[in-house]
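Undergrad: Numbering (mature numbering (1 follows the signal peptide of the UniProt record, and there is no 0)), first residue to last: -20 to -1, 1 to 414.
Take the hints with a grain of salt, since some may be wrong.
No more than 16 Å apart at the CA atoms, straight line, and that leaves these computed lysine to aspartate or glutamate pairs for EDC-like [unchecked claim]:
1. K173 with E386
2. K323 with E116
3. K243 with E194
4. K304 with D135
5. K244 with D195
6. K341 with E92
7. K381 with E58
8. K320 with E116
9. K49 with E172
10. K187 with E246
11. K253 with E58
12. K154 with E279
13. K158 with E279
These aren't lab readings, by the way, just hints derived from the structure by calculation.
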Amino acid sequence: MFKFLCALTAITMMTSAAQAGKCRAQQCCVSAAPCQTGCNPCATVVCKPQCKTVERTVMVPQMVTEMRKVMCTEYHPETRHRDVTVYDLVPETKEVTHTYTVHIPEVRTRMEKYIACKPVWKTSKKTYTVNVPYYEKRTGTRLVKKTTWNDVKQDYYANVPYTETRTGTRQVQKMVMKDVKQEYCVRVPYTEKCQGTRTVMKCVPVKSYRMVCEDQGHWEERPIKSACPAPACGDCGTCDNCCQTACAPVCTQRVWVPKIVKKKVEYTSYQRKCEQVPYTYEVQRCKLEKRTRTVKVCETVCVPEKYTYHVQLCKREKRTRTVKVCEVTCVPEKYTYQVKLCKQETRTCDVKVCSYVKEEKTRKVNYTVCVPQQKTCTRKVTVCKRVPKVVKQAYTVCVPKTVEKEVPVQVCRHVAKKVLVQVPDCDVDCATCN
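Work out the full structure: start from the sequences and follow the hints.
TA: The structure is reproduced here in structure tokens:
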């Protein structure tokens, strides 16, 4: 929309310049002396002034990229601390007395009556009917097929191929290369320095005090008794011959006697401290730049071309052939065949039949009964108690910060351009009218 308004302004300015030149020509024609031929000097058709080329300056719109400052918001991470309550599970063991019931199985015996079925076998005669097979010969008549071959003449049509040459015209595509100027935009990179703030963690020494236990004891010489007296014991010769209590030597050993003293000692510890430190960093940005290049464009042109081609055609031709034809004739024929028949015959056989007689009997049956019994036991149960504890926790927060940045913006500027315009010459005498 902005480009359209700029173009419309340029056209309006050029139209105003042309109208100004036309009005000046008409004024020249009116103010000049009358022509010698007697034509009307005020008529626009009669007076034809001569024209000359004048150089004029016209404002032409042109798109320019400018860098403008814009306020934008950036977020920087910041570490903060807060107190969080954490519950620790402390185990505690207790002894609990538990009473439970145990079922002890006990085997017992009882007498019970039951009914048993006793089988009794009897022999009886049974009559049954049997189908006894036998064969019988019979005579019949059947039709038998006989095949006869005969030679028969038959007319048929055959398609005989032949080749025919024809001429035609076809369109052939040819490739033509042309040079075309093309405008394209390139992103030209440039480096911009920006200011920022970052969090730096430092270790700061802190002096503290703690209680330390120090052993300020001393060494003492204490006597000990030997298990066997030494060989040089008075006037004795060896240890085996004179082991007496009276001549047992006394030996000493060095013993450390401890003395624990509490003492306050100074020590240095390092704590972490966060600081906001400004720093400079480089940002890679790009600006649009218009360039022109020559590109080869391929165009396809269709050219007519004559060519010869062959066509495969067929023509019908009548021919004669001899074909063997099969004729089938049915002839009656007598034959003998056997038929399987059955006749019924009555027979007798002995069959054993079983019948059951009920009989009452007695038997011993063992069964198990679970007898309940109370028992007591003591067991250790561990119970966990929740103990609250305050712990410091670090978390990160994004802090907004307003920063001023430079952004490329497309702006339309009016640039002065010199143009040649045809203007009527007022210095020529009106006697040149037709």
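Undergrad: Each of the hints needs a verdict: does it hold here or not?
TA: Do the hints match the structure? See the list:
no.: 1; hint: K173 with E386; verdict: holds (11 Å)
no.: 2; hint: K323 with E116; verdict: holds (12 Å)
no.: 3; hint: K243 with E194; verdict: holds (7 Å)
no.: 4; hint: K304 with D135; verdict: holds (14 Å)
no.: 5; hint: K244 with D195; verdict: holds (14 Å)
no.: 6; hint: K341 with E92; verdict: holds (9 Å)
no.: 7; hint: K381 with E58; verdict: holds (12 Å)
no.: 8; hint: K320 with E116; verdict: holds (7 Å)
no.: 9; hint: K49 with E172; verdict: holds (13 Å)
no.: 10; hint: K187 with E246; verdict: holds (7 Å)
no.: 11; hint: K253 with E58; verdict: holds (13 Å)
no.: 12; hint: K154 with E279; verdict: holds (8 Å)
no.: 13; hint: K158 with E279; verdict: holds (8 Å)
Violated hints are absent here; each numbered hint is respected by the structure.
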